[in-house]
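Chemist: Work out the full structure: start from the sequences and follow the hints.
Here are the chains, one letter per residue:
Protein chains: 2
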Amino acid sequence: MSETRDVPGAPDRPERLGQLASYLLNRIIHRYNQTLQGELKQKGVTTITMRTVVSLKIYGELTVNELCVHAIAEQPTMSRTLDKMEGEGLIAREISDKDQRVRVIRLTDVGHEFYDRIWPVMTDANEALLKEVSPEDRAHLMRILMQILGNIRQNPF
Amino acid sequence: MSETRDVPGAPDRPERLGQLASYLLNRIIHRYNQTLQGELKQKGVTTITMRTVVSLKIYGELTVNELCVHAIAEQPTMSRTLDKMEGEGLIAREISDKDQRVRVIRLTDVGHEFYDRIWPVMTDANEALLKEVSPEDRAHLMRILMQILGNIRQNPF
Numbered sequence: 001m002s003e004t005r006d007v008p009g010a011p012d013r014p015e016r017l018g019q020l021a022s023y024l025l026n027r028i029i030h031r032y033n034q035t036l037q038g039e040l041k042q043k044g045v046t047t048i049t050m051r052t053v054v055s056l057k058i059y060g061e062l063t064v065n066e067l068c069v070h071a072i073a074e075q076p077t078m079s080r081t082l083d084k085m086e087g088e089g090l091i092a093r094e095i096s097d098k099d100q101r102v103r104v105i106r107l108t109d110v111g112h113e114f115y116d117r118i119w120p121v122m123t124d125a126n127e128a129l130l131k132e133v134s135p136e137d138r139a140h141l142m143r144i145l146m147q148i149l150g151n152i153r154q155n156p157f
Numbered sequence: 001m002s003e004t005r006d007v008p009g010a011p012d013r014p015e016r017l018g019q020l021a022s023y024l025l026n027r028i029i030h031r032y033n034q035t036l037q038g039e040l041k042q043k044g045v046t047t048i049t050m051r052t053v054v055s056l057k058i059y060g061e062l063t064v065n066e067l068c069v070h071a072i073a074e075q076p077t078m079s080r081t082l083d084k085m086e087g088e089g090l091i092a093r094e095i096s097d098k099d100q101r102v103r104v105i106r107l108t109d110v111g112h113e114f115y116d117r118i119w120p121v122m123t124d125a126n127e128a129l130l131k132e133v134s135p136e137d138r139a140h141l142m143r144i145l146m147q148i149l150g151n152i153r154q155n156p157f
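Protein chains in written order, with UniProt numbering: chain A, 1 to 157; chain B, 1 to 157.
Heads up, none of these hints are tricks.
As the list makes no split between identical chains, a pair holds if one copy fits it or if it spans any two.
With a straight-line cut-off of 20 Å between C-alpha atoms, the simulated DMTMM-like cross-links for lysine to aspartate or glutamate are:
| # | residue 1 | residue 2 |
| --- | --- | --- |
| 1 | K131 | D12 |
| 2 | K41 | D116 |
| 3 | K57 | D12 |
| 4 | K57 | E15 |
Simulated from the structure, these hints should not be mistaken for laboratory data.
Modeler: Next comes the structure, spelled out in structure tokens:
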């Protein structure tokens with residue numbers, strides 16, 4: 001008799017797609033992104049602009065390469081987005097405090113105000129995602145997701 | 001003093017992006033899809049073809065609408081994919097066993113063989129995702145992800 005493997009998340013022969021981790025993750029994030037994109041569109045904001053503003057708010061300053069990773073964007077798209085955001089007065093390109101040779105992006109005062117308007121949309125969207133998930137389960141989920149990201153990320157952050 | 005909310009996954013003011021559920025989910029699934037796409041490309045297979053074959057293997061027969069949901073594709077893309085797959089002899093369009101009025105898609109024998117070749121790629125990719133995540137944590141993760149999908153899905157399956 002051949003050995004059968006019954007690993008949650010990566011089963012040898014799934015009976016339902018809900019037993020496959022990548023399927024659930026893809027379904028969830030596709031729906032999340034579609035819904036969020038719709039809400040942002042009403043405010044005239046793109047997903048990549050939102051991700052850029054949130055990343056800069058949290059980290060203070062980031063290089064273009066770091067922004068590509070956090071905002072999940074290719075460099076040409078990110079460069080065009082940053083040009084547009086600079087034109088709108090949301091960001092400034094400056095010399096890094098930490099290393100004079102490095103150019104970084106920072107939020108302007110207008111960018112910080114923009115974050116204050118956009119952030120509740122993100123919080124509400126994440127809250128809708130996690131509705132009725134208990135605080136213990138949320139903490140557990142975040143710990144496992146961090147472990148998974150550690151397994152597959154190609155960037156050290 | 002204003003009340004501060006510290007909800008894991010949807011915090012009021014995250015100190016790191018790793019505290020935001022949607023950020024971790026997006027980073028993980030983007031990297032997963034990029035890696036899997038690269039491996040499938042070497043075999044001349046697209047992501048949507050793989051998802052279609054796996055969905056049909058598990059469910060036996062599905063309508064085009066059901067396939068769109070499971071394979072996360074818009075209807076025009078799915079229709080083109082199904083035309084191509086029918087031309088390659090992987091699928092057949094038939095009358096549903098359950099309802100004579102409904103047209104469904106099924107795998108042919110060639111399609112079943114194709115699944116046998118493609119499935120290990122999926123299992124390995126999911127295994128890489130969940131590397132060193134304990135069986136208990138995997139089971140817990142799958143349960144929480146099912147709950148989250150239940151929160152946000154627009155389709156009943």
